[in-house]
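J.: All chains should be built: construct the whole structure from the sequences, respecting the hints.
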Amino acid sequence: MNITKLFLGLLFISVITTSYAQKSKKSFLFSPSKYGAQFVQGNEQNFLFDDTDYYYKSNSIKGQFFYPLTRFKTIAISLLIQPQVQFVKHQLLNEHFVRPEEDNYQVKRQQFTKLKNLSITALEFTVEAKQQLFTGFSLYIQASLGLAYIDTETERLAQGFTFIENGTLGFDVQLNSKTSIQLFSGLGHVSNFNFTMPNSGYNTMNTGIGFLILY
1 MNITKLFLGL
11 LFISVITTSY
21 AQKSKKSFLF
31 SPSKYGAQFV
41 QGNEQNFLFD
51 DTDYYYKSNS
61 IKGQFFYPLT
71 RFKTIAISLL
81 IQPQVQFVKH
91 QLLNEHFVRP
101 EEDNYQVKRQ
111 QFTKLKNLSI
121 TALEFTVEAK
131 QQLFTGFSLY
141 IQASLGLAYI
151 DTETERLAQG
161 FTFIENGTLG
171 FDVQLNSKTS
181 IQLFSGLGHV
191 SNFNFTMPNS
201 GYNTMNTGIG
211 FLILY
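Residue numbers for the sequence shown follow the numbering used here, so the first one is 1 and each next one is one higher.
Derived by calculation from the structure, the hints in this document are not laboratory data.
Please note: incorrect hints may appear among the correct ones.
[Claimed, not checked] Below 25 Å or equal to it, Euclidean Cα-Cα: the simulated DMTMM-like pairs (lysine to aspartate or glutamate) are: (1) K108 - E95; (2) K108 - E153; (3) K114 - E101; (4) K116 - D103; (5) K116 - E44; (6) K116 - D172; (7) K89 - D50; (8) K108 - D172; (9) K116 - E102; (10) K114 - D50; (11) K89 - D53; (12) K116 - E165; (13) K57 - E95; (14) K89 - D51.
T.: See below:
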């Protein structure tokens, strides 16, 4: 999937829906149909990635603002806006990842092989397709891209502006007429598209739980 096209598509959707969707004279962005939160854990050590060069584990808290867009037959298409903070533990395990041709490589090896706590603050835009399987139980997939800021430089990613990308598969369980919970898993990536170096990025497998309340 072309990430740049995905981002432009999400941005386009945001502009269109902001222009046309109004509720009781309130702007679209201030009138979500649902709102809630997610709690997500990401880990690089899994059966898909498990890169022996580094350790990376994240715990994220996301807000959720949910905006229905359209329906395609029985599939509901929605936009979610998810401000978030990710709390990350990271450590370089293979010091030879920092090559001798890099400036001050010995200093960098000493610095990066220490366990670090860092944080990523982001605003994520998500397109969701949801299919109801039976009453009160739905399956959904999500594709998302977010603008982010990472507060600490590592051997794999420069401090500053970056992007987050996520793909998610989950289940939505309706608890009552106003509340639902989500159980989900997916893949995540953090990188800055080579705007600055280094940009090796991070890959994670994510699992989490969320809830939405009807506005």
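J.: Hint by hint, note whether the structure agrees.
T.: Evaluated hints:
no., hint, result
1, K108 - E95, "holds, 9 Å"
2, K108 - E153, "holds, 11 Å"
3, K114 - E101, "holds, 21 Å"
4, K116 - D103, "holds, 21 Å"
5, K116 - E44, "holds, 15 Å"
6, K116 - D172, "violated, 35 Å"
7, K89 - D50, "holds, 15 Å"
8, K108 - D172, "violated, 45 Å"
9, K116 - E102, "holds, 21 Å"
10, K114 - D50, "holds, 19 Å"
11, K89 - D53, "holds, 14 Å"
12, K116 - E165, "holds, 22 Å"
13, K57 - E95, "holds, 19 Å"
14, K89 - D51, "holds, 15 Å"
Of the numbered hints listed earlier, those contradicted by the structure are 6 and 8.
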